[in-house]
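Asks: The residues making up each chain are set out below.
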Amino acid sequence: MSFFNKFFSKEKKEDLDKGLEKTKQNFFGKLAKAVAGKASVDEEVLDELEAILISSDVGLETTIKIIERIEARVARDKYLGTSELNEILRDEIVQLLAENNTTDIEDFSPPSARKPCVIMVVGVNGVGKTTTIGKLAYQFKQQGRRVVMGAADTFRAAAVDQLKIWSERVGCDFYSKGMNTDPAAVAYETVQYALNNNCDLAIIDTAGRLHTKINLMKELGKIKRSISKSLDGAPHEVLLVLDATTGQNAIEQARHFTEATEVSALALTKLDGTAKGGVAIGISDQFKVPIKYIGVGEAIDKLQVFNKRAFVDSLFE
Amino acid sequence: MFDSLSERLEGAFKVLKGENKLTELNIAESIKEIRRALVGADVNYKIAKEFTDNVKDKALGQENVLRSVKPGQLMIKIVNDELVSLMGGAAEDINLKGKPAVVLIAGLQGSGKTTFSGKLAFHLKSERKKSPLLVACDVYRPAAINQLSVIGEQINVPVYKEPENKNPVQIALKAIAHAQAHNHDVVIIDTAGRLSIDEEMMQEIANVKQAVQPQETLFVVDSMTGQDAVNTAKAFNDRIDYDGVVLTKLDGDTRGGAALSIKYTVGKPIKFVSMGEQMNTLDVFHPDRMASRILGMGDIVSFVEMAERQFDEEQAKRLEKKIKKNKFDFNDFLEQIGQIRKMGDLKHLMNMIPGMSKMTKNLDIDNSAFNKVEAIIFSMTPQERQNPEIMNMSRKQRIANGCGHSIHEVNMFLKQFDQMRRMMHKMSKMPGMGAGAPPTGGGKAARGIKRRR
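Chains as they are written, first to last, in the working numbering: chain A, 1 to 317; chain B, 1001 to 1453.
Keep in mind the hints are simulated off the structure, nothing from the lab. Mixed in with the good hints there might be a few duds.
[Said to hold, decoys possible] Pulled from the structure, derived: some chain B residues nowhere near chain A, Cβ distances all over 12 Å:
#1 Ala1229
#2 Thr1254
#3 Lys1372
[Stated by the list, open to error] List of simulated lysine to aspartate or glutamate pairs, EDC-like, C-alpha gap at most 20 Å:
#4 B/Lys1032 / A/Glu44
#5 B/Lys1049 / A/Glu43
#6 A/Lys218 / B/Glu1374
#7 B/Lys1058 / B/Glu1082
#8 B/Lys1321 / B/Glu1335
#9 B/Lys1049 / A/Glu84
#10 B/Lys1032 / A/Glu61
#11 A/Lys164 / A/Asp182
#12 A/Lys65 / A/Glu84
#13 B/Lys1032 / A/Glu48
#14 B/Lys1166 / A/Asp161
#15 A/Lys115 / A/Glu99
#16 B/Lys1049 / A/Asp232
#17 A/Lys302 / B/Glu1200
#18 B/Lys1077 / B/Glu1092
#19 B/Lys1166 / A/Glu298
#20 B/Lys1396 / B/Asp1288
#21 A/Lys222 / A/Asp200
#22 B/Lys1032 / A/Asp47
#23 B/Lys1161 / A/Asp161
#24 B/Lys1032 / A/Glu68
#25 B/Lys1097 / B/Asp1185
#26 B/Lys1032 / A/Glu50
Ideal Cβ positions, reconstructed from N, Cα and C, are used throughout, including at glycine.
Turn these sequences into a full structure, and let the hints steer you where they fit.
Replies: As structure tokens, this is what we get:
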């Protein structure tokens, strides 16, 4: 069994394809139209390419970067037809992701071999942090690992209940001190719980916060420090959850959360909608943080590891 | 962060110094800049193109350009006017005729429907003297019903729920009957988040609408939404033909181009904007402010209002008295710093002031500017904090030792504080002047939705 089949089974591929269908139609359809009947890449083709990339939320800076690279490539390789342009475009985007990202992860292995491995999950309001935690815990649980979820979103109404229901669905451990308690204390004690109960992983949920709220961002720093105090070297992963429907503001989110908590990985959610997911390319281009997971549906198993080749392939197939 | 459009346009026109007329040739670059600014603000690419084509026609049609106005400024005015007129005039109210009036809330996952439902209920209750009933029709997301219940408790509005019932149509209908029986005049139905391509779920919301025949259907959308806003807004409009749009999470730094895209695509008015997690942070929509925001030109009005919202009226009055009596002390000063901090990132705040973004661009402003001052005050005894005048050399030395700053720095601060105090005292004695320092009467102004246009 090849590596690809093992980690990117047919079923999973279909989910991603379905999710990206819209993107595909946009990208591929428009691109084909743009270059149809043209013998070479001219200004018009590049303009159209710009339109395609931007309307997929790739963002201005990254789009310009991609176009410049294609121009350089074309000047060098003397490109001719549609299929070559497709290939070049695909290549360049994969390349861009490869340059800025570390290597793809291959499966849902814990981000660190340390036990317990502590993952802190952060993001703005409504991106799908809690859902992502549920799905992620499910994957770890499937591998026979013991997981505890820590309910450090003690602010939003019923957030603790929401996480608790997820822990029941997954069948994993759950640690909470209830609503309106100190999130840093919850985080600290969740890690202690993991240590005392021989958990392989502790995943800590935090309250959604806009990245412009300086005090809330500071609180996040405090939560992180309390995790480190609880266990040296923890958290082993700070996972920033981004909503694929978000536009250019996602870049500001990535910037501020990275500053506040040294984000080490990204999860991109809601890719099963009509959103293009192009934001992933933009963010990957500006930050050296890898995209690790993508959310492609509401069901518990609708989380996938991010594979840039498969991702870009899905855009152009 | 973002270069403001005005800055970019100035750049685009720099080469044309001396030219006072807008021509096809000399505006080409600025049209491109405007388009880029719009796209950077997440306005849909196609809409940005159409919009700038329009602007170009308008600009070329400008016969006589005033000598005193620079071409760049003129372009901005044209763009701004065009944006404002596109996004609609005066804020449109929601329809509350009906016994009870039914308001249906719909939108994508995570757009902020439940929080908005709570805010709307609170607004109707406190500003319009209504008796709303919240209805929990999100039967899918874990703890969604609890979430609405908790919000209901917070604002003291009853919530109708049937935790065992998985049929939103039934729940909604029963809720309306319940409202009639219990004299509620408005029913707000919170529904599950759904993707526009999820056929089953879209059918469900269409069924709910068909069954309850709401007076008002509102589409809730995250103001950070990117190019996809057009698709989603259209898909929801095709299915449920909503009456208005609600923009949420506007308290962040998103430029909010989605607002323009949606208005342009579906032509439905934006009725509310929502700016925070507190229940009293609902506002009506102001097209002019949104235009400045999209153009990255600052939003001074929202800045002032944000400030007002943070300042508590009681505290401001107390402060005013103290200033008048020349009793403003270090504790008050600390409080003021706290207030400013609460408003958020200083640089972000500065950027909301028109023209400031240019100045702050290369400036590294952070809130630690206050750290020194705070350290000094924290090293004072309670008595010193209340009585700035008792400061003497040995006290200063002790404070300097305590806070880790030199006595020179302590002296500088005390001197500044003294000057400020005197100035405030003087100003407070002028006729028609308030406390001088913070805007007073904040709470009322912030909630005074009716008073605004």
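Asks: Does each hint fit the structure? Answer for all of them.
Replies: Going down the list of hints, with the structure as the test:
no.	hint	result
1	Ala1229	8 Å, violated
2	Thr1254	4 Å, violated
3	Lys1372	17 Å, holds
4	B/Lys1032 / A/Glu44	15 Å, holds
5	B/Lys1049 / A/Glu43	17 Å, holds
6	A/Lys218 / B/Glu1374	17 Å, holds
7	B/Lys1058 / B/Glu1082	9 Å, holds
8	B/Lys1321 / B/Glu1335	15 Å, holds
9	B/Lys1049 / A/Glu84	28 Å, violated
10	B/Lys1032 / A/Glu61	15 Å, holds
11	A/Lys164 / A/Asp182	18 Å, holds
12	A/Lys65 / A/Glu84	19 Å, holds
13	B/Lys1032 / A/Glu48	15 Å, holds
14	B/Lys1166 / A/Asp161	19 Å, holds
15	A/Lys115 / A/Glu99	31 Å, violated
16	B/Lys1049 / A/Asp232	53 Å, violated
17	A/Lys302 / B/Glu1200	18 Å, holds
18	B/Lys1077 / B/Glu1092	25 Å, violated
19	B/Lys1166 / A/Glu298	17 Å, holds
20	B/Lys1396 / B/Asp1288	51 Å, violated
21	A/Lys222 / A/Asp200	24 Å, violated
22	B/Lys1032 / A/Asp47	12 Å, holds
23	B/Lys1161 / A/Asp161	16 Å, holds
24	B/Lys1032 / A/Glu68	18 Å, holds
25	B/Lys1097 / B/Asp1185	9 Å, holds
26	B/Lys1032 / A/Glu50	13 Å, holds
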